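One letter stands for each residue in the lines below.
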Amino acid sequence: MSGFRLPQGGLIDRDRSLRFSFDGKSYRGHPGDTLASALLASGVRLVGRSFKYHRPRGILSAGPEEPNALVELGRGARREPNSRATLVELYDGLIAVSQNRFPSLRFDLMSMNTLLAPLLSAGFYYKTFMWPASFWEKFYEPMIRRAAGLGRAATEPDPDAYENATAFCDVLVIGAGPAGLAAALAAGRSGARVILCEQDRVLGGRLHDDRHPEVGWADRAEAELAALPEVTIMRRTQVFGVYDGGTYAALERVADHLLVPPPGLPRQRLWRIIARRCILAAGAIERPLVFDGNDRPGVMLAGAVRSYINRYGVAPGRRAVVFANNDSALATLADLTRAGVRVAALVDSRPQPGAGAEAAAAAAGAEFLSGAVVCGTSGGQGLRAVTVAGADGARRRISCDLLAISGGWNPSVQLATHHGGRPVWDETIAALVPGATPPGMSVVGAAAGQFTTQTAWSEGAQAGIATAAAGGFAAAPLELPAAPLESTAIVPLWQVAGAGGTAFVDFQNDVTVKDIRLAKQEGFHAVEHLKRYTTLGMATDQGKTSNVNALAIMAGLTGRSIAETGTTLLRPPVQPVAIGALAGQHRGREFRPVRLPPTHRWAEGLGAVFIDAGQWLRAQWYPRPGEDWQASVNREVRAVREKVGICDVTTLGKIDLQGTDVAEFLELVYANGWKNLPVGRARYGLMLREDGFVLDDGTTARLGEQHYVMTTTTVNAGRVMQHLEFCHQVLWPEADVQMISVTDQWAQLAVAGPNSRALLRRIVDPEFDLGNQALPYMGAAAITICGGQKARLFRLSFSGELAYEIAAPARFGDSLARVLMEQGGDLGVTPYGTEALGVLRIEKGHPAGPELNGQTTAHDLGMAKLLSKRKDFIGRAMAARPALTDTARPGLAGFRPVDPAAIIPAGAHLLRQGVAAIAAEDLGWITSAVYSATFGGWIALGMVAGGAARIGETLRAYDPLRGHDIPVTVTAPVFYDAAGERLHG
Amino acid sequence: MRIPCPCCGERGLEEFTYVGDASVRRPQDGGASVDAAWEAYVYLRDNPAGPHRELWYHGAGCRSWLVVTRDTRNHAILDAVRVQGGLP
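Protein chains in written order, with this note's numbering: chain S, 7 to 991; chain X, 1088 to 1175.
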């Protein structure tokens, strides 16, 4: 036998060879190996250094519960720290590096920490690094930060793609061991839709690891399941969380077993599985035994030893001792012998282990020691010998390079606890089994404490039948093979007598029996305190190999039963999940959906710069060669004031309302009156929340007797729609009102400026009179344009100039912009974006988003007269509260800098001159501030205590964050054309 | 969590907006003045541990307002009916 690879056996492809490297050295393995099995086959046992003490560590297990063999996988942007070598499927070209050691695994300077062990015991964080106080920031914290953590995360963006997907089924079976396969088969045959999730590459679970005589059954079951049309097998898929409403989260490792994902495939896929019912068959995890030196490389769980021999064709050593307190470990002796490993001794802690143990030792030619324990190990970086204490107390050394240990089995109950149901202690099997489970979930097999293959099969089949039947699918009984009798006899051994500072309970966080005793001594008896004080169970393995041992030890120390001591609960995820997988395709440009107005391509063609407004992408300005952004905005503002500009305002919410009760409905939702709005007119509307604060504003136009169109702000469109539906369906269901959002259905462009009427006359069909009498300010009409195309025209002005908004069906939005540009060349038509739009409305003193921030009232905004006195409306009562009408509240005003060249920073706070700049003196804040091309200087709107009463005063605009502190004069909020002459005529 | 919309069937939580207690009633006095009834309507809510009748809006679906009976202890949905036709 060369290396440790066995000449035959294992689910590996011996015809193909894979190259990989670990810590810079090259090795070979086979398809079907994990990194761990390939390392063991090559004789590599030292794979890492422990977290706190930097003790040499080896491979403890063969599965996801592995606490020691954490490696850094991959390089560069794909580097993934803390990858469990027992889960990494070997591929050609794999590169792995050990963690938490400097300069190398063999010679780790930080192993000096072992000498400091007395200072580093549990809770040392609370007692050290405190004096002198100044040392914390300069010295202790940076030092601790450098020493903390295990692996290094990649520093470049993740180059791989991830997906999110959803699946539905009648029955979700979690785990494809004997119980899960039986359940899936029984349910699948009934015609129910079944999803079978297995986190491994192969199905069959322990049937392979234990080389079960009926292992062929797993292959036959898999073949039949694959052929059933309503059954989906998801392998390499781990269910990691159970949520409300039958929702399960699962992570599918689509391409982690390849060097890089193939083009078009994601690296991983996050599944949301909606299942009517669920069968949890997640198996069980073996418990280590707790004794001094139990963390040395070469100490391995007995079940893992069997896995490496039977599934991977690897002998984990050449001379072994088996140390156990139960019968399940006995099969290890026969497997070791068959693999050519000499078994020196069976150390059984039970005083009367029974005939099975004696026979197993005899068959392997091993010394049989009953009532004995391993109380120590030796061998610097790999096991060389164990110290055994016999029943009589006498100690002796037995040389060996492999110690297979078994303290019993812990059912994998994690998923069953995600709804808060605590597991219960079953004395007969010395294990925690599921308590109250999430709705619709049943638990079978080892996960339910049913440790024999026979019961796993029969209970699994039963659950499959019952679950299918509950869903209305008639299922037939399953014929199952006969399984040999298996003994589950166990006598708990929570710690070996005398175990102390090197008897590890939590391997990954370096927590020992001594730490648990310290926690008890300091008063932290409760399991929740024990966990947080010692940090056991808080590593990336969530305490899979430590939680039960720990609480049992604490129970012993405090003289309570394990049931009394209780257990902590585990939160999803059950396994670490990459954040990229949670994000799925939602990253970068695809983080959120983007809505494009109908003129987007046209604006792109003009080189517009875009900004996110809610979910929309809106043109901010349209630069011309040689302009910086301020020059572009100034030009656009001047174009609107002097000639004509066009701006896409499609994004503002548009709601179509029809019915005989619409006017009265508007009376309910708006603060101002609507009864007398004639057909062909629009009106400004102010909408409050029921608590009296302003919700939104807009204009509503009456296009027909029973036909109105409401506009909202861009950002509140959805919120207002929800509010209107509430007012209708909940408050006034008898109203004859129908409503629907038409924001996306109509393209709407503002056409603003002295030449706007002239421009529109060139596209509006001649039968529609646009004269001032026919269509006065605030008029609204259905029209046609360009020879019969239906459109709508509203004479509204946000800018304060003669202005309109023209609407056409959205598919014509692009053409509408282009035809206006073509027709308006000699009129000086200019596209303008949201920046110019903002300057214009601030010059005109119109409140918008920054003023309607949800904290302002109608009174604050100078709109108290819009609150109708004759009718009920949403917010009427609460708006009248004295605190909301107090004139000392910040009210809307305008601001100009005393120095005409100064900038007014938006967000600056307002203070009287000469007082301390403290919160108690705060008078308000600047809400909107812009450079105004029209006035050649900065202007601003803001909310200031007393509002209009302060007009003429000089205040201080104070912005310490950005270093501004300037005197400003309070003015009326309307800077431009206060009399409104430009609007009319 | 999944909510069984009477129109659309069982849909994911992300399609809905939650508003709260469905048992509160808007005072019918026209809102002429603020009083204890208005303050209770706008601000005061019970917080029961157990079945709670509450308003949900299916904004990303049929836009129906629903009265859903949900157990606040375990999120079990016991009932969901449309409001249309009046609050029950």
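It is worth saying that the hints were derived from the structure and are not from the lab.
Predicted model only: the values in this text are computed from it and were never measured.
Note that the Cβ used here is the ideal one computed from N, Cα and C, for glycine as well.
Please note: incorrect hints may appear among the correct ones.
[Said to hold, decoys possible] For each label pair, taking beta carbons as the anchor points, the in silico distance ranges come out as: (1) S:SER493 <-> X:PRO1135: 50 to 60 angstroms; (2) X:CYS1149 <-> S:GLU740: 19 to 29 angstroms; (3) S:ASP771 <-> X:ASP1108: 34 to 44 angstroms; (4) S:HIS592 <-> X:CYS1149: 55 to 65 angstroms; (5) X:GLY1107 <-> S:HIS713: 44 to 54 angstroms; (6) S:ASN859 <-> X:CYS1149: 50 to 60 angstroms; (7) X:PRO1135 <-> S:LEU122: 13 to 23 angstroms.
Do the hints match the structure? See the list:
Against the hinted window of 50 to 60 angstroms, the Cβ-Cβ separation of SER493 of chain S and PRO1135 of chain X comes to about 52 angstroms, which satisfies the hint. Taken as a hint, the range 19 to 29 angstroms holds for the pair CYS1149 of chain X and GLU740 of chain S, whose Cβ atoms sit roughly 20 angstroms apart. As the Cβ distance of ASP771 of chain S to ASP1108 of chain X is approximately 54 angstroms, the hint placing it in 34 to 44 angstroms is violated. Between HIS592 of chain S and CYS1149 of chain X, the C-beta spacing of about 25 angstroms breaks the proposed range 55 to 65 angstroms.
The beta-carbon spacing between GLY1107 of chain X and HIS713 of chain S, approximately 34 angstroms, falls outside the hinted interval of 44 to 54 angstroms. Between ASN859 of chain S and CYS1149 of chain X the C-beta distance comes to about 31 angstroms, which lies outside the given range of 50 to 60 angstroms. A hinted range of 13 to 23 angstroms for the beta carbons of PRO1135 of chain X and LEU122 of chain S is inconsistent with their spacing of about 54 angstroms.
The structure shown violates the earlier hints numbered 3, 4, 5, 6 and 7.
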